[in-house]
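Take a look at the letters that make up each chain.
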Amino acid sequence: MEDEKNHTGPLMIALQYNDLFDLDSISAMTASTNTDDAVPKDRAVTFIKAVQIVNERLVEQNKTESLLFEVILIAKECSEEIKMNIVESVKYYGLEIVKIFFCKKEELINTLQLNNVKLFLSTDKDDVYEVLHIGIPAAVLYEQSDDHVLNQLKVIFSGDVIGFSEDSLDSLSDFGFSETQIETFKEAKICMKEFAVLIGQMRRKFGQENSPLCICVLTAWGSTNVCASALKTLREWGLDVDEAFCLAGAPCSPILAVVKPHILWDGGLHNMRDLSAHS
Amino acid sequence: MSLDPVQVMKGQDPLPKTCPSASNGDSKASWDDNKDIHENVGSTKKPKPGPVRRARKVEGGIFFPKPENAVTIAVSSRVLFRTEKEQKVFEQKGIEEYLRYQVEHENEPFAPGPAFPFVKALEAVNSQLRKLYPDSEELFDIVLVTYNHAHVGIRLINTINYHNLFIERFCMTGGSSPIGYLKAWHTNLYLSADTEKVQEALAEGIAAATMFMSEKQIEVSETQLRVAFDGDAVLFSDESERIFKAHGLDKFFEHERENENTLLDHGPLKGFLEVLGKLQKKFYAKGHRLDCPIRTYLVTARSAASSGIRALKTLRAWGLETDEALFLAGAPKGPMLEKIRPHIYFDDQMFHVEGAVEMGAIAAHVPYGIAQKYPHKKSTNTGK
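In order, the protein sequences belong to chains A and B.
For the first sequence, the working numbering assigns the number 369 to the initial residue and increments by one for each residue that follows.
For the second sequence, the working numbering assigns the number 32 to the initial residue and increments by one for each residue that follows.
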């Protein structure tokens with residue numbers, strides 16, 4: 369597979385094993401039980417299946433397509449048994465995972481960087497925030513409460529992070545955001561750009577209707593002009609948006625429950641627990 | 032374009048502001064309360080950051096309410112603006128061409144559509160409410176819910192700015208059904224050009240109506256919101272319509288007489304009249320009963336002496352009232368509407384809606400009840 373890739377692809381996405389597999393089912397295993405007991409979690413599976421569909425459609429159009437998704441799995445601090453189980457389960461459930469990396473906790477960032485990971489997906493927002501802070505693209509693997517698989521991979525970009533100008537981002541310090549947080553937003557914007565350019569290339573290979581990729585922009589508290597600015601910026605980066613939402617401060621979860629995204633880029637903006645000190 | 036950090040003008044500084052000093056009245060107490068509420072909103076993936084939540088200062092102390100506290104009106108782009116030309120491009124040349132056309136004309140704002148005067152009137156009421164109750168979230172909240180693609184987004188936002196509308200919330204669903212979003216926004220009223228979507232919304236218990244553009248438009252008030260309702264199958268159920276259609280006028284009268292003291296069942300727009308009433312009471316409480324910026328009308332073909340009584344008793348039992356009740360006993364509604372000049376008139380019968388629109392009144396069709404299956408024939412429109 370390696371030789372077919374040229375400099376534009378593949379788009380490598382990293383998942384953590386505890387997001388893919390139910391930890392309880394893993395810890396319940398002993399050496400003597402079957403090796404196919406690690407049960408994959410729905411939300412990760414729907415994501416992987418959606419990614420597979422995109423890849424299939426891309427290859428349909430161009431057999432030698434190099435800009436495809438590749439999903440790798442990262443497992444931190446695993447015993448030998450668990451390692452075996454993970455490998456077996458991936459095979460058993462037919463999950464298209466290109467590589468599995470076993471590493472120590474501190475090695476996570478290195479592993480991501482060495483492998484040119486274009487997106488680190490996690491359900492843990494602290495992890496996402498930490499990784500973003502270093503400048504590695506990271507987003508939230510969003511909870512799919514239903515079982516059903518959408519036949520579309522849905523990605524949401526944060527209209528706030530993309531739409532705010534440099535100056536506006538700087539002036540966020542007036543509202544209690546720390547320097548570190550502001551730096552993270554700026555990093556997030558740069559990371560989003562990288563990812564957006566690649567995804568934009570993919571998106572353009574499909575028409576408006578019946579596309580396996582759906583791009584959304586969600587502006588949680590910027591005004592409509594911030595949203596317009598985000599749409600224009602994304603267009604400059606080569607990414608045309610399908611759905612757009614502007615909330616002006618309304619709670620996000622009811623809307624997200626309808627959109628049902630797989631990948632949610634929020635730039636760490638909504639992981640602000642420290643702000644409680646400022647109100 | 033300079034950023035003034037304090038006075039946030041729409042279109043300039045996009046940041047939401049915390050307003051410890053401004054219109055938000057008490058600072059600490061209400062913020063903490065609200066924060067708790069936000070954190071309790073399910074296991075949300077996006078807990079709102081404390082101070083930068085939803086308080087925003089746009090053109091002097093205006094903020095955007097939580098959807099469940101406000102009266103949320105969802106409008107589609109085709110009723111808020113005139114998009115006939117673009118519709119034609121879509122129908123004749125398909126979606127790719129349509130989107131290309133929209134992007135090409137991005138900087139040309141759309142002209143106002145049938146729902147435009149209604150939305151402007153809602154904003155006028157809002158500014159009055161804000162003066163009297165600066166901290167309250169009980170306001171009208173207008174959300175643009177369209178199944179347009181986000182490609183059209185920039186043109187829509189440009190148009191909103193051009194017409195100086197206070198719309199900061201929208202959903203562009205890119206072709207998927209907007210119904211789920213209507214529920215997420217706690218929508219009180221949905222206006223669209225598409226009858227199917229409206230029927231879907233009605234089936235989900237959301238008040239909804241279709242609007243049509245007319246060439247003739249009578250002038251409406253800019254300071255007083257006027258909403259007119261038909262009775263049967265709009266405020267009330269279509270029970271009596273059914274009797275009338277099945278058994279004729281005499282049976283209808285008999286039935287109404289016998290059931291004078293039985294309440295009619297509620298119709299799809301009852302809830303909307305209710306929320307209007309709540310806002311009206313806020314004005315009355317501050318001494319504005321006579322010059323209340325919201326005025327409601329019942330315009331029914333029922334007759335005052337007979338069948339109208341049941342309607343009035345029902346309203347009273349519900350604790351609702353309309354400012355004026357016009358019992359036409361079968362007379363045509365057009366001239367009455369021309370006098371009233373409502374910003375919107377809800378009727379379940381297309382015949383009446385068309386008649387109203389022809390006269391230049393703003394009418395909306397509520398596709399509910401038996402009248403949809405048996406559309407009225409002009410000659411048999413006798414009194415009820």
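Hints are not guaranteed to be accurate.
Said to hold, decoys possible - DSBU-like mimics (lysine-lysine), calculated; alpha carbons at most 30 Å apart, straight line:
| no. | chain 1 | residue 1 | chain 2 | residue 2 |
| --- | --- | --- | --- | --- |
| 1 | A | LYS417 | B | LYS214 |
| 2 | B | LYS214 | A | LYS628 |
| 3 | A | LYS444 | A | LYS628 |
| 4 | B | LYS124 | A | LYS600 |
| 5 | B | LYS282 | B | LYS317 |
| 6 | A | LYS431 | A | LYS493 |
To be verified - Among the chain B residues that face chain A by a calculated CB cut under 8 Å, a handful are:
| no. | residue |
| --- | --- |
| 7 | LYS97 |
| 8 | ALA181 |
| 9 | GLY184 |
| 10 | ASN195 |
| 11 | PHE197 |
| 12 | GLU199 |
| 13 | ARG200 |
| 14 | PHE201 |
| 15 | CYS202 |
| 16 | ALA215 |
| 17 | LEU280 |
| 18 | ASP281 |
| 19 | PHE284 |
| 20 | HIS286 |
Hints were generated in silico from the structure; no laboratory data involved.
Every residue, glycine too, gets a C-beta built ideally from N, C-alpha and C.
For each hint, the structure was consulted:
1. A:LYS417 <-> B:LYS214: Holds - the C-alpha atoms of B:LYS214 and A:LYS417 are around 29 Å apart, at most 30 Å.
2. B:LYS214 <-> A:LYS628: holds, 15 Å
3. A:LYS444 <-> A:LYS628: holds, 28 Å
4. B:LYS124 <-> A:LYS600: holds, 25 Å
5. B:LYS282 <-> B:LYS317: Status violated; Cα separation ~47 Å.
6. A:LYS431 <-> A:LYS493: violated, 37 Å
7. LYS97: Result: holds, 7 Å to nearest chain A Cβ.
8. ALA181: holds, 4 Å
9. GLY184: Holds, about 5 Å.
10. ASN195: Nearest chain A Cβ about 13 Å off; hint violated.
11. PHE197: Violated. Min distance 10 Å.
12. GLU199: Interface hint status for B:GLU199: holds (4 Å vs cutoff 8 Å).
13. ARG200: Since chain A brings a Cβ to about 5 Å from B:ARG200, closer than 8 Å, the hint holds.
14. PHE201: holds, 5 Å
15. CYS202: holds, 5 Å
16. ALA215: holds, 4 Å
17. LEU280: violated, 46 Å
18. ASP281: violated, 50 Å
19. PHE284: violated, 47 Å
20. HIS286: Given a least distance of 43 Å, the restraint on B:HIS286 is violated.
When the structure is compared with the earlier hints, violations turn up for hints 5, 6, 10, 11, 17, 18, 19, 20 and for no others.
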